[in-house]
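Trainee: Here is how the chains run, residue by residue.
There are 2 protein chains.
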Amino acid sequence: MLSTKHIGDQANTALVAAAEAAQTAYRKALENHSPQQLAAVAMDGADGTPTMLIDVLVEEAVIDAATAAGVNVLSEERGWIDIGSAVSLVIDPVDGSANAAAGVPLSCFSAAVAVDGEFTEAMTVWLHTGERWWAAAGRPAFGTSGCRSAKAAAVSVLRPHPRNWDAWSRVARSATRIRILSCSTLDAAFVATGAVDAFVDAGSDTHRLMDIAAATVLVSAAGGAVVDAYGRPIVFDTDLTRRWSGVVAATAELADELCALIRG
Amino acid sequence: MLSTKHIGDQANTALVAAAEAAQTAYRKALENHSPQQLAAVAMDGADGTPTMLIDVLVEEAVIDAATAAGVNVLSEERGWIDIGSAVSLVIDPVDGSANAAAGVPLSCFSAAVAVDGEFTEAMTVWLHTGERWWAAAGRPAFGTSGCRSAKAAAVSVLRPHPRNWDAWSRVARSATRIRILSCSTLDAAFVATGAVDAFVDAGSDTHRLMDIAAATVLVSAAGGAVVDAYGRPIVFDTDLTRRWSGVVAATAELADELCALIRG
Numbered sequence: 313m314l315s316t317k318h319i320g321d322q323a324n325t326a327l328v329a330a331a332e333a334a335q336t337a338y339r340k341a342l343e344n345h346s347p348q349q350l351a352a353v354a355m356d357g358a359d360g361t362p363t364m365l366i367d368v369l370v371e372e373a374v375i376d377a378a379t380a381a382g383v384n385v386l387s388e389e390r391g392w393i394d395i396g397s398a399v400s401l402v403i404d405p406v407d408g409s410a411n412a413a414a415g416v417p418l419s420c421f422s423a424a425v426a427v428d429g430e431f432t433e434a435m436t437v438w439l440h441t442g443e444r445w446w447a448a449a450g451r452p453a454f455g456t457s458g459c460r461s462a463k464a465a466a467v468s469v470l471r472p473h474p475r476n477w478d479a480w481s482r483v484a485r486s487a488t489r490i491r492i493l494s495c496s497t498l499d500a501a502f503v504a505t506g507a508v509d510a511f512v513d514a515g516s517d518t519h520r521l522m523d524i525a526a527a528t529v530l531v532s533a534a535g536g537a538v539v540d541a542y543g544r545p546i547v548f549d550t551d552l553t554r555r556w557s558g559v560v561a562a563t564a565e566l567a568d569e570l571c572a573l574i575r576g
Numbered sequence: 313m314l315s316t317k318h319i320g321d322q323a324n325t326a327l328v329a330a331a332e333a334a335q336t337a338y339r340k341a342l343e344n345h346s347p348q349q350l351a352a353v354a355m356d357g358a359d360g361t362p363t364m365l366i367d368v369l370v371e372e373a374v375i376d377a378a379t380a381a382g383v384n385v386l387s388e389e390r391g392w393i394d395i396g397s398a399v400s401l402v403i404d405p406v407d408g409s410a411n412a413a414a415g416v417p418l419s420c421f422s423a424a425v426a427v428d429g430e431f432t433e434a435m436t437v438w439l440h441t442g443e444r445w446w447a448a449a450g451r452p453a454f455g456t457s458g459c460r461s462a463k464a465a466a467v468s469v470l471r472p473h474p475r476n477w478d479a480w481s482r483v484a485r486s487a488t489r490i491r492i493l494s495c496s497t498l499d500a501a502f503v504a505t506g507a508v509d510a511f512v513d514a515g516s517d518t519h520r521l522m523d524i525a526a527a528t529v530l531v532s533a534a535g536g537a538v539v540d541a542y543g544r545p546i547v548f549d550t551d552l553t554r555r556w557s558g559v560v561a562a563t564a565e566l567a568d569e570l571c572a573l574i575r576g
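Residue numbers (the working numbering), protein chains in the order written: chain C, 313 to 576; chain H, 313 to 576.
Rather than coming from a laboratory, the hints here were simulated on the basis of the structure. Wrong hints could be hidden among the right ones.
[Unchecked claim] Beta-carbon label-pair distances, calculated as ranges:
1) C:575 / H:430: 43 to 49 Å
2) C:322 / H:396: 56 to 62 Å
3) C:394 / H:339: 43 to 49 Å
4) C:543 / H:361: 39 to 45 Å
5) C:361 / H:551: 48 to 54 Å
[To be verified] Below, simulated SDA-like cross-link-like pairs (lysine to any residue); rule was C-alpha separation at most 25 Å, straight line:
6) H:340 / H:463
7) H:463 / C:363
8) C:463 / H:475
9) H:463 / C:481
10) C:340 / H:441
11) C:463 / H:418
12) H:340 / C:455
13) C:463 / H:517
14) C:463 / H:478
15) H:340 / C:352
16) C:463 / H:363
17) C:340 / H:454
18) H:463 / C:353
Every residue gets a Cβ at the ideal spot worked out from N, C-alpha and C, and that includes glycine.
Next comes chain C alone, as it looks inside the complex (with noise of 0.2 Å):
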């Protein structure tokens, strides 16, 4: 964990202001709304699917204070705001919402930096704890647990739909051991930091750019690799409908492995 005393004086300013509005945004929503009230929706997001409450009530905040920054900002529900800056923050105000909302504390701000169209940095803050995972890339830090096959990992999964039951049972019974946290960026960090092992969208093609930016930092960052299951490249792009299958895993082995078996 890194503290923002820490990175205080390396991390993007606009970054570290957007994962601050966060987090205060957060707290107030829960303070001042119930759980059905932070679940109801609230708008169609620019990406097409329903928003909640309490993702366009962060989202707000975090997008004011990224703009006030001096950065455009692409994020879930409202899109890519252009002001004319060569940095863009590619932002998920509140990944895991229905945790969120629902009260289970597992959920996570998380962002990318792209410096002309190439992501340089990004941070991952754990909305509940305060806890924040934050790296450059091309600058190592963090470390993977170094697994190299299915059989010997523990497999963070999106949960199953039935348009990818089948592809999500093969990496269910492959892996040694299966967990669904339902908050894709704090199990990128914790691939990331050794935790577990591997982090997959089972050929649901649900990740957005936002769910997945971060992680192509923060765990390249500490040894490990991040594509998507059908080997569609995950770069900035402000088109919001398109879809991942992203696999974040220990090493570019289990990465190879994971993608094979959701393939079939």
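Use these hints to put chain H onto chain C, whose structure you have.
Mentor: Quick look at chain H alone, frame taken from chain C:
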């Protein structure tokens, strides 16, 4: 969440002393040992399963504190320690040992107080954050979601095993959302607070008494139901070879439906 202060004048003093000893020992264990050391098998427990170093370290501290406070202890690894008191603590020193050892911060101290064989109160403590859930039998506390059907339920499940894959799949495909947090007592606390609708061992008979003893008090006080999928009574018993498939649900109707799904 109840602070220590809040429950200090109500809870059994041995229960509070054991909880505090567990938290101190957990923090020390994480400071002084690597994940590999914490996960290493230190002995075979009284329940017949291999015991990790982290279990041993925390259990020693908990047993010392509880017996010093004058109560008998039934614990996962050392078994039944009878000092001739009418009061016994049924303790899981570290529920979610695999999480705790690996660095996934989802593990709990959990204990129920039995007086002359009847459960009278219970407490679960999230070791990473210090949050505590305490209740006394027969006194309303917390409040479940009130959910009455699997189709509408967010259900936490123990991870699947080959021996219960079919029953597990029936539950997973019937619920609106599933999670696998790998910490039964935290899951039960979330049922008590209404954050999740149910938590089940889908017929794998993994649960020992200490995995579900606290739930019988906490979730009942919250208006929910705690039963075994096969109808076996969940009662105080010092035989640690006994196993259950616990079903912890927001309502008796939901518990019944989940039991039927598990039995197939």
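Trainee: The structure should be examined with respect to each hint, and the outcome stated for every one.
Mentor: Each hint, compared with the structure:
Roughly 55 Å separates the CB atoms of residue 575 (chain C) and residue 430 (chain H), a value that falls outside the hinted 43 to 49 Å. Under the hint 56 to 62 Å, the C-beta atoms of residue 322 (chain C) and residue 396 (chain H), about 60 Å apart, fit the expected range. The beta-carbon spacing between residue 394 (chain C) and residue 339 (chain H), approximately 47 Å, falls within the hinted interval of 43 to 49 Å. Taking 39 to 45 Å as the suggested C-beta distance range, the pair residue 543 (chain C) and residue 361 (chain H) conforms, at roughly 42 Å.
The given range of 48 to 54 Å is respected by residue 361 (chain C) and residue 551 (chain H), whose C-beta atoms sit roughly 50 Å from each other. Proposed proximity of residue 340 (chain H) and residue 463 (chain H) is contradicted: the alpha carbons are some 43 Å apart, above 25 Å. At roughly 22 Å between alpha-carbon atoms, residue 463 (chain H) and residue 363 (chain C) fall within 25 Å of each other, so this suggested pair holds. For the proposed pair residue 463 (chain C) and residue 475 (chain H), the alpha carbon gap of about 17 Å is at most 25 Å, so the pair holds.
Pair hint residue 463 (chain H) plus residue 481 (chain C) holds up; C-alpha atoms about 20 Å apart against a cutoff of 25 Å. Restraint check for residue 340 (chain C) and residue 441 (chain H): the C-alpha separation of about 20 Å stays at or below 25 Å, so the hint holds. Between residue 463 (chain C) and residue 418 (chain H) the CA atoms are separated by roughly 23 Å; this keeps the pair inside 25 Å, and the hint holds. Note on residue 340 (chain H) and residue 455 (chain C): the hinted pairing holds, with a Cα-Cα distance of about 22 Å set against a maximum of 25 Å.
At most 25 Å may separate the alpha-carbon atoms for a hinted pair to count; residue 463 (chain C) and residue 517 (chain H) meet this at roughly 23 Å. Restraint check for residue 463 (chain C) and residue 478 (chain H): satisfied, since their Cα atoms lie roughly 21 Å apart, inside the 25 Å limit. Distance hint between residue 340 (chain H) and residue 352 (chain C) is unfulfilled; the C-alpha atoms sit about 42 Å from each other, more than 25 Å. As the CA atoms of residue 463 (chain C) and residue 363 (chain H) are separated by approximately 22 Å, the hinted pair is consistent with the 25 Å bound.
Taking the CA atoms of residue 340 (chain C) and residue 454 (chain H), the gap is about 21 Å. The hint holds against a cut of 25 Å. Restraint check: the Cα-Cα separation between residue 463 (chain H) and residue 353 (chain C) comes to about 19 Å, which is no more than 25 Å; the hinted pair holds.
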